[in-house]
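Construct all of the structure, not just a fragment, from the sequences and the given hints.
Sequences listed follow chains A and B, in order.
The first sequence runs 1 to 284 under the numbering used here.
The second sequence runs 1 to 209 under the numbering used here.
The hints are simulated quantities; they were obtained by calculation from the structure and are not laboratory data.
Please note: incorrect hints may appear among the correct ones.
Said to hold, decoys possible - Estimated spans, in silico, between C-beta atoms of each pair:
#1 Asp51(B) with Ser123(A): 45 to 51 Å
#2 Ser172(B) with Pro200(A): 41 to 47 Å
#3 Asp127(A) with Lys157(B): 42 to 48 Å
#4 Ala102(B) with Gly191(A): 43 to 49 Å
#5 Lys104(B) with Asn259(A): 49 to 55 Å
Claimed, not checked - Okay, derived cross-link-like pairs now, EDC-like style, lysine to aspartate or glutamate, Cα gap no bigger than 16 Å in a straight line:
#6 Lys73(A) with Asp247(A)
#7 Lys55(B) with Asp103(A)
#8 Lys55(B) with Glu227(A)
#9 Lys100(A) with Glu53(B)
#10 Lys209(A) with Asp103(A)
#11 Lys52(B) with Glu146(A)
#12 Lys254(A) with Asp84(A)
#13 Lys75(B) with Asp170(B)
#14 Lys265(A) with Asp162(A)
#15 Lys149(A) with Glu114(A)
#16 Lys209(A) with Glu187(A)
#17 Lys52(B) with Glu187(A)
#18 Lys157(B) with Glu145(B)
#19 Lys120(A) with Glu146(A)
#20 Lys99(A) with Glu53(B)
#21 Lys178(A) with Asp162(A)
#22 Lys75(B) with Glu174(B)
#23 Lys73(A) with Asp148(A)
#24 Lys55(B) with Glu224(A)
#25 Lys120(A) with Asp143(A)
#26 Lys52(B) with Asp103(A)
#27 Lys149(A) with Asp121(A)
#28 Lys100(B) with Asp112(B)
#29 Lys178(A) with Glu251(A)
#30 Lys87(A) with Asp121(A)
#31 Lys52(B) with Glu251(A)
#32 Lys228(A) with Glu251(A)
#33 Lys70(A) with Glu179(A)
#34 Lys228(A) with Glu53(B)
#35 Lys265(A) with Glu282(A)
#36 Lys120(A) with Asp148(A)
#37 Lys228(A) with Asp61(B)
#38 Lys176(A) with Glu224(A)
Glycine included, every Cβ here is placed at the ideal spot set by N, Cα and C.
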Amino acid sequence: MSCCDKKGPKDACCETQTQPKGFMDTAESRREFIWDAVKNFTFGAMTLTAIPLFIEKADAEEVHTGKDGKEVKGHTVLFGYLVDTTKCIGCGGCMLACKKENDVPDGQFRTWVERYVYYKDGSVHVDVNTKGTFAFTELPPLDAKEVDKAFFVPKLCNHCVDTPCIQVCPVGASYKTKEGVVLVDYEQCIGCAYCVQACPFGTRFINTKTQTADKCTWCYHRIEHGEKPACVDVCPTGTRTFGDINDPESEISKALATNRIDVLKSYLGTRPKTRYIGLTAEVV
Amino acid sequence: MFSRDTLHLWILAGVLVLAAVGFMTVRNLTVPPSFGQFGHYRGAALQTAADKERKLTTRGDCTACHQTLKHEMGKSHERVHCIECHGQGKAHMTACAVAKAAAKPGENLICDKSGLMPTNIRDICLHCHQQMVGRNPKHPQIIFEEHMKDNDPKDPKSPMVCMQCHVPHDPSQEPSDDAGDKDDAAKPADAATPTAAPAAATPENGGDQ
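Dropping the structure here:
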């Protein structure tokens, strides 16, 4: 209770009281309050306006005309790839075409062809031509009498739905387009090779020319213009098929619907979009 | 100005605000402009990837001018890409585009065909047809030396030996006497001098696909 509540002349009572230095109680503290309010409001307003300014400026810097994903015949395009290993003759035309199309350095491959050889003694041997020129005709010939069976398996990026390589990229340089193509942003990549380790299929490598991560792009620069990937285009036996798996009329959709399809390392759950015909348990 | 306790709160608030402004500044300086446009990546990278130069000649590039080629190719070789034997055609296409622009209507075009005619057809054929473990037995394969003995061609040492008995464009056909000199240009406007091609062929093209 203050003295002012007591009976008696109000003015006299209040004037005699020691003024508490409280909120807006005196002329002096009111000035302080206004000054504080001006200062705080100014700083706050500056901060709040600075942030959107930064963002707007960033957006306006680059006008990007490209778009992700496209619609054809009323559905969204989703690319897929099918390898019919029963047709492959190991000519290596795909390896050579890929190298030329994509400037892949010597000794590195975006796609390659493995040969699985089953010997009569029960052992299985895998070989591959790492010269990248004239395929298996350059390797020392095997004795056909000792061989039970043998076949070729072309390998390339599986363009998985659940991609371990994109998950681990620390700078967002690995990405997947809405059409299902897994790509590397070569300007953004710092070459840490984390994705190279993360890929269970060994399809990624550090390009010795650019020192960035590199991989099969399904020839994104060709498929975006309606062409086929270089390896599919040159394959003389029709081993490799590429197309829109959302279009039921496409060659690949019909092949997927009428064949027994498998993927590599399905137990890893990466859901590859590169499918295979004619795999065996030994093919990994 | 403030009580001791209030001052601490204001200092804390100031530090937080400064940190936020600092974070935004650093973020905006380091994150590329189009990052996040379509997803967690740089949107402009898509355009860069799509705009990359297409280097290999496609089947469509060849058949655009050489229109009869589609029918000329036999069933067994219809999938064999032109560049497997003839090499890259980009220089030829550029030369043809220049020649077409300069030519009068009805005039015969002479395009630069240098390097397009293979000089070592044997290696190119064996690339696919050499017998090898792993090749499907249904695929026609030969052991070259035995095949030479069995068939006894005129000139077994020639790098063009295969063409003495086989027509590369259609292996089911018997070769005619003028095989190899036949011009496969489709339109009359594209007819080039047949003799110009073998003379201008470069050796490295033989190993070229």
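Cross-check of the supplied hints:
1. In this structure the hint that Asp51(B) and Ser123(A) lie 45 to 51 Å apart at CB holds, the actual value being about 49 Å.
2. Hint check: Ser172(B) to Pro200(A), Cβ distance near 45 Å, so the stated range 41 to 47 Å holds.
3. The supplied range of 42 to 48 Å is broken by Asp127(A) and Lys157(B), whose beta-carbon atoms lie about 31 Å from each other.
4. Taken as a hint, the range 43 to 49 Å holds for the pair Ala102(B) and Gly191(A), whose Cβ atoms sit roughly 48 Å apart.
5. The given range of 49 to 55 Å is respected by Lys104(B) and Asn259(A), whose C-beta atoms sit roughly 54 Å from each other.
6. At roughly 8 Å between alpha-carbon atoms, Lys73(A) and Asp247(A) fall within 16 Å of each other, so this suggested pair holds.
7. A hinted pair counts as satisfied when its Cα atoms are at most 16 Å apart, and Lys55(B) with Asp103(A) qualifies at roughly 9 Å.
8. With a C-alpha separation of about 12 Å, the suggested pair Lys55(B) and Glu227(A) falls inside the 16 Å cut-off, and the hint holds.
9. A threshold of 16 Å between alpha carbons decides the hint, and for Lys100(A) with Glu53(B) the separation of about 12 Å falls inside it, so the pair holds.
10. A C-alpha spacing of about 9 Å is found between Lys209(A) and Asp103(A), which places the hinted pair at or below 16 Å, so the restraint holds.
11. Our distance criterion of 16 Å between C-alpha atoms is broken by Lys52(B) and Glu146(A), whose separation comes to about 47 Å.
12. Between Lys254(A) and Asp84(A), the direct Cα distance comes to roughly 13 Å. Compliance with the 16 Å bound is thereby established for this hinted pair.
13. Annotation: proposed proximity of Lys75(B) to Asp170(B) holds, straight-line Cα distance about 7 Å (limit 16 Å).
14. A threshold of 16 Å between alpha carbons decides the hint, and for Lys265(A) with Asp162(A) the separation of about 13 Å falls inside it, so the pair holds.
15. For the hint pairing Lys149(A) with Glu114(A), the CA-to-CA distance comes to about 14 Å; that is within 16 Å, so the pair holds.
16. Between Lys209(A) and Glu187(A), the direct Cα distance comes to roughly 14 Å. Compliance with the 16 Å bound is thereby established for this hinted pair.
17. For the hint pairing Lys52(B) with Glu187(A), the CA-to-CA distance comes to about 14 Å; that is within 16 Å, so the pair holds.
18. The suggested pairing of Lys157(B) with Glu145(B) holds, with an alpha-carbon distance near 11 Å, which does not exceed 16 Å.
19. Under the criterion of a C-alpha separation no larger than 16 Å, the hint pairing Lys120(A) with Glu146(A) is consistent with the structure, at around 6 Å.
20. Taking the CA atoms of Lys99(A) and Glu53(B), the gap is near 14 Å; set against the 16 Å cutoff, the hint holds.
21. For the hint linking Lys178(A) to Asp162(A), the alpha-carbon distance of about 13 Å falls within 16 Å, and the restraint holds.
22. The suggested pairing of Lys75(B) with Glu174(B) holds, with an alpha-carbon distance near 15 Å, which does not exceed 16 Å.
23. Pair hint Lys73(A) plus Asp148(A) does not hold up; C-alpha atoms about 48 Å apart against a cutoff of 16 Å.
24. Distance hint between Lys55(B) and Glu224(A) is fulfilled; the C-alpha atoms sit about 14 Å from each other, no more than 16 Å.
25. For the hint linking Lys120(A) to Asp143(A), the alpha-carbon distance of about 11 Å falls within 16 Å, and the restraint holds.
26. With a CA separation close to 11 Å, the supplied pair Lys52(B) and Asp103(A) stays within the 16 Å bound.
27. Straight-line distance between C-alpha atoms of Lys149(A) and Asp121(A) comes to about 12 Å, which keeps the hinted pair within the 16 Å bound.
28. For the suggested pair Lys100(B) and Asp112(B), the alpha carbons sit about 12 Å apart, so the restraint of at most 16 Å is met.
29. Restraint check for Lys178(A) and Glu251(A): not satisfied, since their Cα atoms lie roughly 21 Å apart, outside the 16 Å limit.
30. The suggested pairing of Lys87(A) with Asp121(A) is violated, with an alpha-carbon distance near 26 Å, which exceeds 16 Å.
31. The suggested pairing of Lys52(B) with Glu251(A) is violated, with an alpha-carbon distance near 26 Å, which exceeds 16 Å.
32. Between Lys228(A) and Glu251(A), the direct Cα distance comes to roughly 12 Å. Compliance with the 16 Å bound is thereby established for this hinted pair.
33. Note on Lys70(A) and Glu179(A): the hinted pairing holds, with a Cα-Cα distance of about 8 Å set against a maximum of 16 Å.
34. Under the criterion of a C-alpha separation no larger than 16 Å, the hint pairing Lys228(A) with Glu53(B) is consistent with the structure, at around 14 Å.
35. This hinted pair checks out: Lys265(A) and Glu282(A) have alpha carbons roughly 11 Å apart, not beyond 16 Å.
36. Our distance criterion of 16 Å between C-alpha atoms is met by Lys120(A) and Asp148(A), whose separation comes to about 5 Å.
37. Simply put, Lys228(A) and Asp61(B) have alpha-carbon atoms about 13 Å apart, close enough for the 16 Å limit, and the pair holds.
38. A distance of roughly 14 Å separates the Cα atoms of Lys176(A) and Glu224(A); the hinted pair therefore holds under the 16 Å criterion.
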